[in-house]
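Visitor: Read top to bottom, the protein sequences are chains A and D.
Quick note: the first sequence, position 111, residue 227 per the numbering used here, numbers continuous.
Quick note: the second sequence, position 16, residue 25 per the numbering used here, numbers continuous.
Please keep in mind that the hints were generated in silico from the structure rather than gathered at the bench.
A few of these clues could be false.
Said to hold, decoys possible - List time: in silico BS3-like cross-link candidates among lysine-lysine, alpha-carbon distance up to 27 Å:
hint, chain 1, residue 1, chain 2, residue 2
1, A, Lys244, D, Lys153
2, A, Lys244, A, Lys361
3, D, Lys184, A, Lys173
4, D, Lys153, A, Lys361
5, A, Lys328, A, Lys213
6, A, Lys262, A, Lys280
7, A, Lys232, A, Lys468
8, D, Lys91, A, Lys173
9, D, Lys66, A, Lys173
10, A, Lys262, A, Lys329
11, A, Lys319, A, Lys280
12, A, Lys262, A, Lys325
13, D, Lys87, A, Lys173
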Amino acid sequence: MRNLLFPIKGALAFGFALVLLTGFGAGESLAERGRIHIVGSSTVFPFSAAVSEYFGKSTDFPTPLVESTGSGGGLKLFCAGVGEGHPDITNASRRIKSSEAKSCIENGVNEVTEVKIGFDGIVLANSKETPTINVSLRQIWLALAKEVPEGGEDGADLVPNPHKNWSDIDPSLPNVAIEVLGPPPTSGTRDAFVEIAMEGGCKSFDSIKAMKKSDKNAYRALCHTVREDGAWIDAGENDNLIVQKLLSNPGAFGVFGFSFLDQNHDRLHGSYVDGVEPSFENIASGDYPVSRSLFFYVKNAHVDNIPGLREYVGAFTDEDAWGEEGYLVDKGLIPLPDAEREATGKQARALKPMSF
Amino acid sequence: MNNAVLSQRMQTQLRRRHAAEKRFRWYGAAALCFALAFLFVLLATIIFNGAGVFIHKRMLFEVAVSEHHGDRYGAMIKDSWKAQFPEVTNRRQRRELYGLISRDAEFLLREHLAGVSVPDNGIVVLSVPFSGDAGEFLETDPEKRDAFSERLSPEQRGWLERIEASGQVETVFNKDFFLNADSREPEIAGILGALIGSMLTMCVTFLFSFPIGVMAAIYLEEFAAKGRLFRFIEVNINNLAAVPSIVFGLLGLAVFIGLFGVPRSTPLVGGLVLGLMTLPTMIIATRAALQAVPSSLRYAALALGATPTQALLHQGLPAAMPGIFTGAIIGMAQALGETAPLLMIGMVAFVADIPDGFTSASTALPVQVFLWADSPERGFVEKTSAAILVLLAFLAVMNSAAIYLRRKFEIKW
Numbered sequence: 117m118r119n120l121l122f123p124i125k126g127a128l129a130f131g132f133a134l135v136l137l138t139g140f141g142a143g144e145s146l147a148e149r150g151r152i153h154i155v156g157s158s159t160v161f162p163f164s165a166a167v168s169e170y171f172g173k174s175t176d177f178p179t180p181l182v183e184s185t186g187s188g189g190g191l192k193l194f195c196a197g198v199g200e201g202h203p204d205i206t207n208a209s210r211r212i213k214s215s216e217a218k219s220c221i222e223n224g225v226n227e228v229t230e231v232k233i234g235f236d237g238i239v240l241a242n243s244k245e246t247p248t249i250n251v252s253l254r255q256i257w258l259a260l261a262k263e264v265p266e267g268g269e270d271g272a273d274l275v276p277n278p279h280k281n282w283s284d285i286d287p288s289l290p291n292v293a294i295e296v297l298g299p300p301p302t303s304g305t306r307d308a309f310v311e312i313a314m315e316g317g318c319k320s321f322d323s324i325k326a327m328k329k330s331d332k333n334a335y336r337a338l339c340h341t342v343r344e345d346g347a348w349i350d351a352g353e354n355d356n357l358i359v360q361k362l363l364s365n366p367g368a369f370g371v372f373g374f375s376f377l378d379q380n381h382d383r384l385h386g387s388y389v390d391g392v393e394p395s396f397e398n399i400a401s402g403d404y405p406v407s408r409s410l411f412f413y414v415k416n417a418h419v420d421n422i423p424g425l426r427e428y429v430g431a432f433t434d435e436d437a438w439g440e441e442g443y444l445v446d447k448g449l450i451p452l453p454d455a456e457r458e459a460t461g462k463q464a465r466a467l468k469p470m471s472f
Numbered sequence: 010m011n012n013a014v015l016s017q018r019m020q021t022q023l024r025r026r027h028a029a030e031k032r033f034r035w036y037g038a039a040a041l042c043f044a045l046a047f048l049f050v051l052l053a054t055i056i057f058n059g060a061g062v063f064i065h066k067r068m069l070f071e072v073a074v075s076e077h078h079g080d081r082y083g084a085m086i087k088d089s090w091k092a093q094f095p096e097v098t099n100r101r102q103r104r105e106l107y108g109l110i111s112r113d114a115e116f117l118l119r120e121h122l123a124g125v126s127v128p129d130n131g132i133v134v135l136s137v138p139f140s141g142d143a144g145e146f147l148e149t150d151p152e153k154r155d156a157f158s159e160r161l162s163p164e165q166r167g168w169l170e171r172i173e174a175s176g177q178v179e180t181v182f183n184k185d186f187f188l189n190a191d192s193r194e195p196e197i198a199g200i201l202g203a204l205i206g207s208m209l210t211m212c213v214t215f216l217f218s219f220p221i222g223v224m225a226a227i228y229l230e231e232f233a234a235k236g237r238l239f240r241f242i243e244v245n246i247n248n249l250a251a252v253p254s255i256v257f258g259l260l261g262l263a264v265f266i267g268l269f270g271v272p273r274s275t276p277l278v279g280g281l282v283l284g285l286m287t288l289p290t291m292i293i294a295t296r297a298a299l300q301a302v303p304s305s306l307r308y309a310a311l312a313l314g315a316t317p318t319q320a321l322l323h324q325g326l327p328a329a330m331p332g333i334f335t336g337a338i339i340g341m342a343q344a345l346g347e348t349a350p351l352l353m354i355g356m357v358a359f360v361a362d363i364p365d366g367f368t369s370a371s372t373a374l375p376v377q378v379f380l381w382a383d384s385p386e387r388g389f390v391e392k393t394s395a396a397i398l399v400l401l402a403f404l405a406v407m408n409s410a411a412i413y414l415r416r417k418f419e420i421k422w
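The shape of chain D in the complex, shown without the other chains (with noise of 0.2 Å):
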């Protein structure tokens, strides 16, 4: 009897237990699922808002060249433009109708003219670009166009109907994005300087903050008499962890700029301050990767004679790499995406010119992602998303490089 209720209140309690177990078991999971949902929310917004970027409109336009215009490239496609719409005659409607293409025509034009000759009857086709509103209303489904209403007056919007009945405008893939450097003008504003500028960026802090990182930590692991000094470094390494970006820009600016006198705005102040402030990341992960190895494996190189630098590198250091790459790219992986820093510096700024080396002019993918998001034009709204789609897919290309380097070295030792 006695035995019965004992075994029935342990049947009860065991049934609770594994109901906990099973509870807990799905509050794990549901954690999973609420931070996959947002992940996926977050890159659907996203890929929605950017994926117009990648194919855009432009038209096939005739432009005339003629001889008394000389080199007035902005007459040219003016004139060639308004021979089109023979009803335009007042001044206000002639605005209205050169609102419709891109400004950049006539530098299309310019550089066109210059790498081919005219032809003897003077017309020479070129594909430009639509400015903002107007691009985005040809790319509208046509049902859907009354929402630019307010946007584009209804002659506008009548002449732009024309030329796509026409057949002059053609949908193609959106190469200036991933060709031009930043502009002011939404439809020829391009990701490839700020691209190119976060890549020498990246260099110089990898090549910066590296091999100072590894040294140091190191000497911390394996040579440093760990005495009191010894933990007001390990400390201070640690709260320099944490330490907000923007003080590193701030010591930039002092240091590297006021002091070494390294020029402003350019990769190579920017790679210094973004790899000052990925030191102690580096630090904390390459110790805790030699902290992993076995020592067991040196003290077999010891006791086979190996000195200590030689037990070191031979042993310790190629087994701790694959852990050192990882705290590398997880601190450069930071240092990507930091614009505060960048400020202080001068990288925030407008450069219309492709970087071409470590001292250039130049900006970052995060800070093209935030004068973007701040500019007024409309068109910036989808250019802004395009920029972290890039910006998102260069830290993919950088986080499969660090797996690449890590599974190499796994397998090789």
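So here's chain A without its partners, still in its complex pose (with noise of 0.2 Å):
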């Protein structure tokens, strides 16, 4: 019987001495962090990741440590503190807010460095069973509003949404249910898409256009509520889930970022928005209408403490990387022009603080 209970006992000392070393032991730890330490948007997420990788297996380095938390968590974290505890570079798919530059400016991350990495697109996609369609921004937003004018008429009164079919907007849509799948509130990406297509779209309306002055609040709620009737699908975080519900509902369209129909292009095909199409070249010469830029801010107080910290930034602006033929291009990318990705490169690597 004795026997018996020495694996229990031994098993109670040996947690105990555990959780009273943890006390101690991380503050050891804590001490010396020899690791780049990167959060932020996952948009940007597989990009950073993959410079990491190149950037650890290439230089003596240890390969960044690279989380995913999305733009908005990333930039509180990274506006949090400086230190080892603190992360060094955050990743955005949009600019940091005036109210985040503010939070960093309380907490002593005075000098920020950022550097605009390039452009991601955001495509309505479908199955290749179905054909391409045709549509505006006027259009996008009449068909996914909660409210729209009586019509589609300038100036009428606003209505819940009528439309059930692409056709009921215009004739020259194929005459099948609107049903799109797209993110839910909580992705940057349907941040994106309800910022630059729904608004776009709202505000071709002069009428609406007007109120932006006269009832902000009302201009946005009406420009940027998506309609609750089922014609929009919260689809979930995960953009390839997306793909394959499309794949099995030929007639169902889906909103995700250009890198997921780039390498699904064999199975599903872009729609033209304003008569652009979602490509490679349109989105990188800013004829796309719906695309958005993204970062990358630098703390520079942690360049001189954090060892490869600058090597990272140059790893990332190296031509091999971001430029036109770089990886990160394979990986879905898309550049920046030439003039400003020198531009931007030259200033990153001099790690220019941006003025808040």
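The two chains are supplied separately, each in an independent frame; assemble them into the complex guided by the hints.
Guide: Below is the structure:
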């Protein structure tokens, strides 16, 4: 009986020892962090991770740790302070907001370098079994908004969205039910889609555009609210899931990032928006209207303390990485135009702080 | 007469009751069949999708190591690869050609050259993986390769078929998948980093929650005065078991990382958070196991002069051990599959190195599944299923260990 109890007592003792050790050991391991710590946007994550991997393999620095926390979550961590416990870089699929900049300054993060790395297109795609459509931003908004002007007439009274089929909006569009699968409101892709595509279509009505000045909140609510009667379906954060659902339901459309269209271009095709095809060239040139810029932010105060931070920025802004034929392009990044890339790269490598 | 009618009615009734009995059994069997069918479909899909990972195609690549390239291994790979296709001249074709073999080739070459001396003719033979699309193309039955018409250009397909015909393609067991950590290139991404991360995390979880959970349960069950405070604690422990796991993540972020300064993204902090999450399950299971021990056993020990502690440690606890282990394993299995709390404490991350201790950066198996499922590259689809298989295997090993321990304790007592 005694020897039976031995392992139990041992485990108990060991466990308590470990609990005690946690308290003491932690401080020590925190004192020296040799590894770059990156947080931020899940859209930029694949690019950032690819650079980290290459950087780790081709230099003597340890591979940076890249966390996928979302743009907002990343900036919150990033702005929380200076020191070993705080990240060195945050990725973002939008520019830093003034409220975030304020919290950065409050916490002593005064010098931050902003690096714009390229673009991401947001596409409206469907299965190749059905033909492509050509929609305008105005038609996208009319199809997906919760309330629209009656009959699509400028200045008419607002009514709950009556459009059932695409052809109800415009006879040139197919006579199939409007069914759009897209990311939920927590996603950055959804934010960008709503802000660029929906608002873009919404303000093409002069009467609504006038509202922006008179009643900003009503304007935002009208332009940004997606209909809730089943025509728009929140399909979850996972873009691969949307791709799968489009394949099994050829009449439906999906909203996701260009890289997923690029990887599945044998099975899906993107809708023309305002007559422009969502292609690599059109997004890069800025002709395709639904695209956003991607960024990362570097904490300058960490540059001299975290080994490899300067070199990482160099590796990211290398032509082999973010150039027109770099490996990030293979991963789906749409590069900046040559002149802008050169200028941005120079500023980034010099770690020129931005003015908030 | 009357009797006959009565007996007939009884007969009918009896038949009806027997039929009801039979029906009820059928319901049970049908429910079981349903559950099994779902499990079967789930497992079959995962195995079907993931099986391709374990065998893959590699190329036996003759690389010319030349002096003038110095340590530019990428250039050596590109030159040797290009030399096989003299017709490739323009820039676009070169890009398409380089895209067929894994970007990891130059690092494999560097590693290889660090270990061996270059033979006199300057040729080393290297086994390199193909890049995602090219590998998938070669693994497809030649008659079904038309499906790749848009993913690979006609030239690329021609080159791949030529390489295949020349016998440079080998089909081997994919040991990279089991020996590598995560990568952004699907062809070299492996599970070992996440597997070790999960093991380390589970170690911490067990060592943290088992002793505390068992001691708390023993105190509550054997020594605590069953008053109002006791009932209050009891209700709260039961409630805690039902709290969504993300809440424990937030708690861990505030307490372990914020207050105690435990480093982010490490198995240590992950294990502590998951341990916290497992505690209520552990306490409830241990108490149930202690209650199930016949009190005659304890009374006998007390009557023979044992102190309450002795009666517990020598009789009650060993008898309850099988039940305690069952509870522990249920709690641990739950913890093994969690991603939500890990998001808050930085374990949803790209970690390209295999973790080597409790305080090195690490991720966990379910997180790896999540990250791969969310990647645009096609090659990650089958990796996702394969990672799920590894997760299930890990779970099976953990469960078998629990069953073994349970048996062992049961027999001895």
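Visitor: State for each hint whether it applies.
Guide: Going through the hints against the structure:
no., hint, result
1, Lys244/A - Lys153/D, "19 Å, holds"
2, Lys244/A - Lys361/A, "13 Å, holds"
3, Lys184/D - Lys173/A, "20 Å, holds"
4, Lys153/D - Lys361/A, "23 Å, holds"
5, Lys328/A - Lys213/A, "20 Å, holds"
6, Lys262/A - Lys280/A, "12 Å, holds"
7, Lys232/A - Lys468/A, "13 Å, holds"
8, Lys91/D - Lys173/A, "24 Å, holds"
9, Lys66/D - Lys173/A, "23 Å, holds"
10, Lys262/A - Lys329/A, "21 Å, holds"
11, Lys319/A - Lys280/A, "22 Å, holds"
12, Lys262/A - Lys325/A, "17 Å, holds"
13, Lys87/D - Lys173/A, "18 Å, holds"
Of the hints listed earlier, there is not a single one the structure fails to meet.
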